[in-house]
Amino acid sequence: MFVFESGNVAAAGAVKLARAKVIAAYPITPQTPLTEKLSEYVDNGTMEAEYVAVESEHSALAVCIGALSAGSRAFTATSSHGLLYMAEQLHWTAGARLPMVMCVVNRAVGAPFSIWNDHQDSISQRDAGWIQIYVADHQEILDATIKAFRLAEELCIPVMVCYDGYYLSHTYMPYEVPEQSAVDAFLPPYSYRHTLGPDNPASLNTVTLPGGRLDIHGEFAPGYMELRHSLDLEMKRAIDIYTRIDGEFAKTVGRGGSPIVQTHLCDDAEYVAVALGSMASQLKDVADTLREEGLAVGVLAVSMYRPFPGEILTAALAGRKRVIVFEKALSFGQSGALYSDLRAALYSCDTKPIMSNYILGLGGRSYKSSDFCEAIRQSVARDSACGDHMGWIGLNR
Amino acid sequence: MHDETIQIRWHGRGGQGAITAAKIFAQAAFTHGFPGVVMAPSFGTERRGAPVEVSLKISKTKINDLCPIESPDVVVVLDDSILRDADVTAGIKPGGILVINTPKGRAVYRGANVKLATADVTHLAEQAGLRRGIVNTGIIGALARALPIVPLAALLDAIGTEFGAQRAAANIEAARLTHEHTEME
Amino acid sequence: MEAKKTQILDLCDEELVHPGNRGCAGCGLNILYRIGLKAIGEDAILVVPPSCLTVVQGLYPITCSQVSVLNVTFASTAAAASGVRAALRAQNNDHTKVVAWAGDGGTADIGLQALSGAIERGEDILYICYDNEAYMNTGVQRSGTTPRGVLTANTSIGGKRERGKDVAAIVAAHNPAYVATCSAAYPLDFHDKIAKALSMKGFKYIHAHTPCPPGWQMEERIAVSVARLAVTTGLYVLYEIENGQMKLSEPSAKLLGKKKLPPVSQYMQAQGRFRALTPADIDSIQNEIDTKWAGYRRQMTSAAA
Amino acid sequence: MATDDLRVLTSDSHAGPGDAGRTGSWRVLRPVIDYAKCAPAKSGKPSCFYCWLYCPDTVVSKTLQPQIDLTYCKGCGICAEECPPGAITMVEESKFSDEDNR
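Chains as they are written, first to last, in my numbering: chain R, 1 to 397; chain D, 1001 to 1185; chain V, 2001 to 2305; chain B, 3001 to 3102.
Note that these hints are calculated values from the structure, not bench results.
Please note: incorrect hints may appear among the correct ones.
[As the list claims (entries may be wrong)] For lysine to any residue, the following SDA-like pairs were computed, each having C-alpha atoms within a straight-line distance of at most 20 angstroms: (1) Lys1060/D to Asp1073/D; (2) Lys3042/B to Ile2008/V; (3) Lys2254/V to Gly2041/V; (4) Lys1093/D to Ser370/R; (5) Lys2005/V to Pro3046/B; (6) Lys1104/D to Glu1185/D; (7) Lys1062/D to Asn44/R; (8) Lys1060/D to Thr289/R; (9) Lys2004/V to Lys2165/V; (10) Lys1062/D to Lys236/R; (11) Lys1062/D to Ile312/R; (12) Lys1062/D to Leu265/R; (13) Lys2004/V to Ser3047/B; (14) Lys1060/D to Ser258/R; (15) Lys368/R to Glu1185/D; (16) Lys1060/D to Phe2/R; (17) Lys321/R to Lys1062/D; (18) Lys3062/B to Leu2188/V; (19) Lys2259/V to Ser2302/V; (20) Lys368/R to Ser1071/D; (21) Lys3062/B to Gly2041/V; (22) Lys236/R to Leu3009/B; (23) Lys352/R to Thr289/R; (24) Lys2292/V to Met2246/V; (25) Lys1060/D to Asp288/R; (26) Lys368/R to Ser1042/D; (27) Lys2165/V to Tyr2239/V; (28) Lys2038/V to Ser3047/B; (29) Lys368/R to Lys1104/D; (30) Lys3062/B to Lys2165/V; (31) Lys251/R to Gly1105/D; (32) Lys1062/D to Ser370/R; (33) Lys368/R to Lys1093/D.
[What the hints assert, rightly or not] What follows is a list of derived Cβ distance ranges for each label pair: (34) His217/R to Pro2279/V: 54 to 62 angstroms; (35) Pro1148/D to Thr314/R: 51 to 59 angstroms; (36) His217/R to Asp2043/V: 20 to 28 angstroms; (37) Gly2244/V to Thr1031/D: 56 to 64 angstroms; (38) Gln2007/V to Gln3067/B: 15 to 23 angstroms; (39) Glu1185/D to Arg291/R: 33 to 41 angstroms; (40) Phe220/R to Gly2244/V: 49 to 57 angstroms.
As the structure is a computational prediction, the values presented were derived from the model and not from experiment.
Don't be surprised by glycine CBs; every beta carbon is placed ideally from N, CA and C.
Taking the hints into account, I'd like the entire structure generated from these sequences.
So this is what it looks like as structure tokens:
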């Protein structure tokens, strides 16, 4: 069934279809309509779940940590300062290997306050041990959120589904809502290997020594570093596992295809524009326009940013003349984070493309398709001897 | 492709229902031959009474550009008092359509290169049985007259769906009446 | 009807805390934890933030606790416990008890926001704060409940300048189902208050005064007797609050009949941490205690009249 | 254990004695019970057990002749302090021979 709703409602619908049992949330713009909608579902009985109206985002994730550890599927969502207020809990969730799913409705981070969209919030938490998925439209919000529960629960690694504040959260567009039966067939009931309770007395997340230690049976148990190593190994498997999960989703629900990266006109592209989120979608129009001008431009959307699909990106981008990365976030004193990651991934290929990094849209600074066109033309026109470069779009100077 | 997109910018006041009006029009468009429909209120906070904008893009293909409208084909004004506060025709394409709820007829707006459509929606909606000041369904009728891309019947159906049994009739009537009484240039 | 008071012989013989844990010799928390778990039983999930209890529980992969424990971040105790309860509710499990167990810093300071939120929501959990009146686990720094004048690692010259927070009163101001104060010197009272709290629905709070030999700068062997002095001198009052009504518990109620309480200086002189107090400071504390007890006596007389 | 086997692992500790090792070695003073004074031992009926009640370390048995598990007893002396008839004395560990420690 097609509906015409906002991105936040699409996300809420996914959580309902996924039958989350515990929802904890604290209001923050532009996340609020999502969690308001969930509270409405719980109140009007269309969703059988506990809604815990907490006093902070830190507590929101704490409630979810408690719920997941005690054996129930949980969900929260946040934005900006809310995500950063959760920061220690983010690391805790990943370290505890809890299969959490959270939507991050991307918003700029203060000071000064900005309620508008950029990616600084989630990008600054890329190293928290969460899988990060960036989506480009409402259908992807809904599908990715449902798939995220499968992924999180198969790997015991938390997943952030990130989508642009306002551009997606408050924008209405049509999307298809799957049947509950199809989602049920795709997503089995929640199970967690470490579920606490009288049947399984254990103390979870206790102090762990730098070295290993014998357990009560005299067997050698790992230390902190082995647990971290395991998290890293498992997270890297997310690329293959999510691809498989996407295939199963396509079978049961009927949509899917390229869950890790998505390309548009890339086969013969000499120049490839790379971006996260709704920008990547807009770049398709930009590529179409530039193709009409005779520029062989393609687009690559990075849908899964953590784990970083370095091999897939290298295969897709090696040998191109230029790779132009558009970003709404910065690692201050360096460059955009996606750009650095991508540049590092391409270091190993023999035919390295020249790279450009454009920063735009910070704090909701407006941009339009013609800005992307202009930046790509500018990048292409640069003397290749000048090498890689960084530029800003829309900066008043 | 974005060139074939019809861009409609709505101007209203917070609480006036511009978002609902745009949503109803968008839903009807989606079910009547426009797979690409994207609607968004102005990004940021909304305050009751303050001017608000809504962007509505309608296309035969999927819309990828989610940026707010800068060059509208059509501008819809829910209340002529907004003309004092906002430059509603900013960026409007030459030959674009300006739909205004006003009792003043064409005298309300003097500007070149714009096709004007006016209706006294406030009055007509009251006549249809709505409480004074409810103009969002009426204005849909005016837009349907000025931009006949969606059959009126489809719009009236969409209004009915949006408001449910009790309030549907008066809202549908408001749109129908306005559609009938809209003055086109 | 008052529930029958548990006697030592009635206590469950089964131990839910293994020996050989990392608690300091003479740890008051260890007494409370051992006896408390007897009241709580195995059908429970404990939620514990960083504190001495984290250390007492043990280092991965061994724990002294024979019940389920979820260790959580410092500020999140009451919220995480709320999450555990929400999950159990979603699973229609109304028998497993959810008990948050935190120190004074984790309760009065960094955990106060989450605690307040959980009480306001009426979460069906028991929250136990063991109050040893400083951040003992990090090496004895002042906490919100450290009394005035106490020497700690970061009030090492003249002692803490400010009064301690009355957390039980803060909690009581939220109107939860149950509030009680306890002392490690009265483990049976602690046991019975836990049992009573767990028989109720809604938010229950127990604040337990807990001696810490290194933090209080005293010999291990007198830990319990010093904690007892805090009660018998009238400094630390044991009570329960139900339906907004406060009732003194037996060890404190006994003091009502006394014309004159034993001097509080006995309590202070037994510990090194009060060294910075002058005789005048102790006099003024004594005056405060006497005024407080005069008030209790008046209340009792008017209630009886 | 190969790290590949650690998939889906976090720290899940399980209960067992001696997390901190044989904590009896921390002891400087050893509690010695004089059963001639000890109430349950003397009367042959369960009674008193203050030593058991107040022991922070779960090392006193609730038996007619209470036994102290010296493997883990940290020697805090609370049992001696709280014993109503004063049946427990704290004796310096150096007074005991290796033989006694068996």
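Outcome of the hint check:
no.: 1; hint: Lys1060/D to Asp1073/D; result: 16 angstroms, holds
no.: 2; hint: Lys3042/B to Ile2008/V; result: 18 angstroms, holds
no.: 3; hint: Lys2254/V to Gly2041/V; result: 30 angstroms, violated
no.: 4; hint: Lys1093/D to Ser370/R; result: 17 angstroms, holds
no.: 5; hint: Lys2005/V to Pro3046/B; result: 18 angstroms, holds
no.: 6; hint: Lys1104/D to Glu1185/D; result: 14 angstroms, holds
no.: 7; hint: Lys1062/D to Asn44/R; result: 34 angstroms, violated
no.: 8; hint: Lys1060/D to Thr289/R; result: 18 angstroms, holds
no.: 9; hint: Lys2004/V to Lys2165/V; result: 33 angstroms, violated
no.: 10; hint: Lys1062/D to Lys236/R; result: 33 angstroms, violated
no.: 11; hint: Lys1062/D to Ile312/R; result: 27 angstroms, violated
no.: 12; hint: Lys1062/D to Leu265/R; result: 16 angstroms, holds
no.: 13; hint: Lys2004/V to Ser3047/B; result: 18 angstroms, holds
no.: 14; hint: Lys1060/D to Ser258/R; result: 25 angstroms, violated
no.: 15; hint: Lys368/R to Glu1185/D; result: 32 angstroms, violated
no.: 16; hint: Lys1060/D to Phe2/R; result: 16 angstroms, holds
no.: 17; hint: Lys321/R to Lys1062/D; result: 29 angstroms, violated
no.: 18; hint: Lys3062/B to Leu2188/V; result: 16 angstroms, holds
no.: 19; hint: Lys2259/V to Ser2302/V; result: 18 angstroms, holds
no.: 20; hint: Lys368/R to Ser1071/D; result: 11 angstroms, holds
no.: 21; hint: Lys3062/B to Gly2041/V; result: 19 angstroms, holds
no.: 22; hint: Lys236/R to Leu3009/B; result: 15 angstroms, holds
no.: 23; hint: Lys352/R to Thr289/R; result: 26 angstroms, violated
no.: 24; hint: Lys2292/V to Met2246/V; result: 14 angstroms, holds
no.: 25; hint: Lys1060/D to Asp288/R; result: 16 angstroms, holds
no.: 26; hint: Lys368/R to Ser1042/D; result: 15 angstroms, holds
no.: 27; hint: Lys2165/V to Tyr2239/V; result: 17 angstroms, holds
no.: 28; hint: Lys2038/V to Ser3047/B; result: 19 angstroms, holds
no.: 29; hint: Lys368/R to Lys1104/D; result: 37 angstroms, violated
no.: 30; hint: Lys3062/B to Lys2165/V; result: 39 angstroms, violated
no.: 31; hint: Lys251/R to Gly1105/D; result: 57 angstroms, violated
no.: 32; hint: Lys1062/D to Ser370/R; result: 19 angstroms, holds
no.: 33; hint: Lys368/R to Lys1093/D; result: 17 angstroms, holds
no.: 34; hint: His217/R to Pro2279/V: 54 to 62 angstroms; result: 59 angstroms, holds
no.: 35; hint: Pro1148/D to Thr314/R: 51 to 59 angstroms; result: 52 angstroms, holds
no.: 36; hint: His217/R to Asp2043/V: 20 to 28 angstroms; result: 25 angstroms, holds
no.: 37; hint: Gly2244/V to Thr1031/D: 56 to 64 angstroms; result: 59 angstroms, holds
no.: 38; hint: Gln2007/V to Gln3067/B: 15 to 23 angstroms; result: 22 angstroms, holds
no.: 39; hint: Glu1185/D to Arg291/R: 33 to 41 angstroms; result: 39 angstroms, holds
no.: 40; hint: Phe220/R to Gly2244/V: 49 to 57 angstroms; result: 56 angstroms, holds
The structure fails to meet hints 3, 7, 9, 10, 11, 14, 15, 17, 23, 29, 30 and 31 from the earlier list, while all remaining hints are met.
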